[in-house]
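Undergrad: Using the sequences and the hints given, assemble the complete structure.
Line by line, the protein sequences are chains P and C. Just so you know, my numbering puts 17 at position 17 of the first sequence, and the rest follows in order with no gaps. Just so you know, my numbering puts 125 at position 125 of the second sequence, and the rest follows in order with no gaps.
Please note: incorrect hints may appear among the correct ones.
In the PhoX-like style, the derived pairs of lysine-lysine whose C-alpha atoms are separated by at most 20 Å in a straight line are [as the list claims (entries may be wrong)]:
hint: 1; chain 1: P; residue 1: Lys80; chain 2: P; residue 2: Lys91
hint: 2; chain 1: C; residue 1: Lys269; chain 2: C; residue 2: Lys206
hint: 3; chain 1: C; residue 1: Lys236; chain 2: C; residue 2: Lys207
hint: 4; chain 1: P; residue 1: Lys54; chain 2: C; residue 2: Lys43
hint: 5; chain 1: C; residue 1: Lys248; chain 2: C; residue 2: Lys218
hint: 6; chain 1: P; residue 1: Lys54; chain 2: C; residue 2: Lys35
If you're looking for bench data, these hints aren't it; they were derived computationally from the structure.
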Amino acid sequence: MFSGQYLMAKFKKISKSSGQALVEMLLAIPLLFLLTAGAIQFTILFQARSAFEKACGEAARQYAANRLKDSAAITDAVWKDMGPYQSYFRKQSLRISTQAPQAAIADTFFNAIGSLGPWASKVKSYLINYTGQSWTVTVNCVPPSLVAVLFPDGIPFQSQLTVLKYPS
Amino acid sequence: MIQIKNWTKNPAGQVLLATLLFCFIFVALFIGLYKSGMLYNTKERAIRASNLTALSAGAVYANGMQLVRLTNAILLGFAVADLIVITTALDLTGGLSVIIPSNFKDPNFRKMIQDIQSVLFGINRPIGVYPLLISDETLSVAVQNGLRNTYPIGNPQSWSLPIPPSPILLFNVVSLASDLPQAIIPNMALKFRTANFFLNAIPKEKKYYKYKSEESRKDVILNSDQVELAPNSKNKGQMRVKTGIGKKSGQYVSEVVSEGLSKLNAIIKLANFLASLQLDVTDRDIPAIHNVFVYAGYPTSIQGPRNNNTEIQTLSEVSISGTGLAAWDINDPPYQTTLASTDPVELVKQLSIQTLLSKAIGSIKLPSISNVFGTVLNGKI
Chain P
1 MFSGQYLMAK FKKISKSSGQ ALVEMLLAIP LLFLLTAGAI QFTILFQARS
51 AFEKACGEAA RQYAANRLKD SAAITDAVWK DMGPYQSYFR KQSLRISTQA
101 PQAAIADTFF NAIGSLGPWA SKVKSYLINY TGQSWTVTVN CVPPSLVAVL
151 FPDGIPFQSQ LTVLKYPS
Chain C
1 MIQIKNWTKN PAGQVLLATL LFCFIFVALF IGLYKSGMLY NTKERAIRAS
51 NLTALSAGAV YANGMQLVRL TNAILLGFAV ADLIVITTAL DLTGGLSVII
101 PSNFKDPNFR KMIQDIQSVL FGINRPIGVY PLLISDETLS VAVQNGLRNT
151 YPIGNPQSWS LPIPPSPILL FNVVSLASDL PQAIIPNMAL KFRTANFFLN
201 AIPKEKKYYK YKSEESRKDV ILNSDQVELA PNSKNKGQMR VKTGIGKKSG
251 QYVSEVVSEG LSKLNAIIKL ANFLASLQLD VTDRDIPAIH NVFVYAGYPT
301 SIQGPRNNNT EIQTLSEVSI SGTGLAAWDI NDPPYQTTLA STDPVELVKQ
351 LSIQTLLSKA IGSIKLPSIS NVFGTVLNGK I
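TA: Written as structure tokens, this is what we have:
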């Protein structure tokens, strides 16, 4: 009953099937962990994007309320409003480019007034006192470690917004 | 098929199947995370776009209010000249019972400025130049902020209005249920103040008539509702008791003349005269309501059930407030723009407006916009 051949055959059978689940678990758990961590970091990336958009919107509202005068102040306001998500961005990469907002009919009307002469332009600038800007805000996001494999230089985020204000 | 079936019974095959299943689950999870993240960001951008568009409308509106103050200040000079002429022409010796000459005409030097104000701000007119400017600037900002625009940029003659249009601007809404048609047309909620602004209601002139009763030998007094003009009378303007009033129908009556009644009627005449004098521009509503609603759609990349791109509907409100529009307010601080907060009370109001708008837009069959533009271009408005 306990002959060598019998034992060998039994051992061979046991060695084929025992420990299989453990091995599978050891292989799968790190992979599952990596995937879960990737999902969490993916979510954090979207939260950072949302914080960036909110910061741009808040800075635009402050501009409309005449609390911010120039691009430097707007840049500082955007950076400050990002709050705890500042660690996900590079401050040196925060850029704001501005241009005058476009309004087809209004611009045509005002250009027509301006063509009447310098006095008409002066009168127009006295009467029409609202101003505005179109901004393009860009910043590079420092991605989480897993995502950084795909984006070593950072992920560029861009936001475009336009607002008019009436100076107080 | 049998090979696949046998292969699935193989441990290696089972492991591979389980791996494929988990990969599928995680791919679905990541796609879901990506789409929900994108939609969340799109929602934030939509709210931001709507708020910035409303703030821009408020800025242009506030500039318009300052223009009203300026034109009122110019009007004041002309109004003073008119006032001098008027007071010189009227007989003020009786105090409030002013005697207005029958050939009196208001010199109306201020009419030129009032006409400019009427055209510029759309007072007593269907629409004005400045409210159109507010609309145009707001629509331009809305497009640049990413809100969906359905208005024509090309030839307006060959375009029909889709339902729902976007963005919709609502001006000076008090109660949307009653004000919706008025709110859609750009306006600044202004009117001309009249000289009787201190009177709430002007009574009609009081006239009394009398005849002597034969039975009691006393005067019977009747009011103007109980008498009528006697036809075929020798005396022009002879009044008689109305047919059907008591036993004395047809009885001739004479007008009651008393000093007190004459004074009262003179005051009423003065009040009516003052009501005919248009002065400066003032707020249409009491208390003054100046607000702009921006109701628009922000397109998303998410496809709907009918393979069309869905959009996020947004609603923002901005109110414009200040100390007044009179000429003496010209040096006061300019009108301020305030974005409505999202507290629960405001949210309920905004939701009710959204519901009313959706119902109104769904139930109205709008005409082709080319008909409207054709009417405007032909000078019928």
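Undergrad: None of the hints should be skipped; say for each whether it holds.
TA: The hints, checked one at a time:
A distance of roughly 10 Å separates the Cα atoms of lysine 80 of chain P and lysine 91 of chain P; the hinted pair therefore holds under the 20 Å criterion. For the proposed pair lysine 269 of chain C and lysine 206 of chain C, the alpha carbon gap of about 10 Å is at most 20 Å, so the pair holds. A C-alpha spacing of about 17 Å is found between lysine 236 of chain C and lysine 207 of chain C, which places the hinted pair at or below 20 Å, so the restraint holds. With a C-alpha separation of about 11 Å, the suggested pairing of lysine 54 of chain P with lysine 43 of chain C holds against the 20 Å cut-off.
A threshold of 20 Å between alpha carbons decides the hint, and for lysine 248 of chain C with lysine 218 of chain C the separation of about 14 Å falls inside it, so the pair holds. With a C-alpha separation of about 19 Å, the suggested pair lysine 54 of chain P and lysine 35 of chain C falls inside the 20 Å cut-off, and the hint holds.
Checked against the numbered hints listed earlier, the structure breaks none of them; every hint is satisfied.
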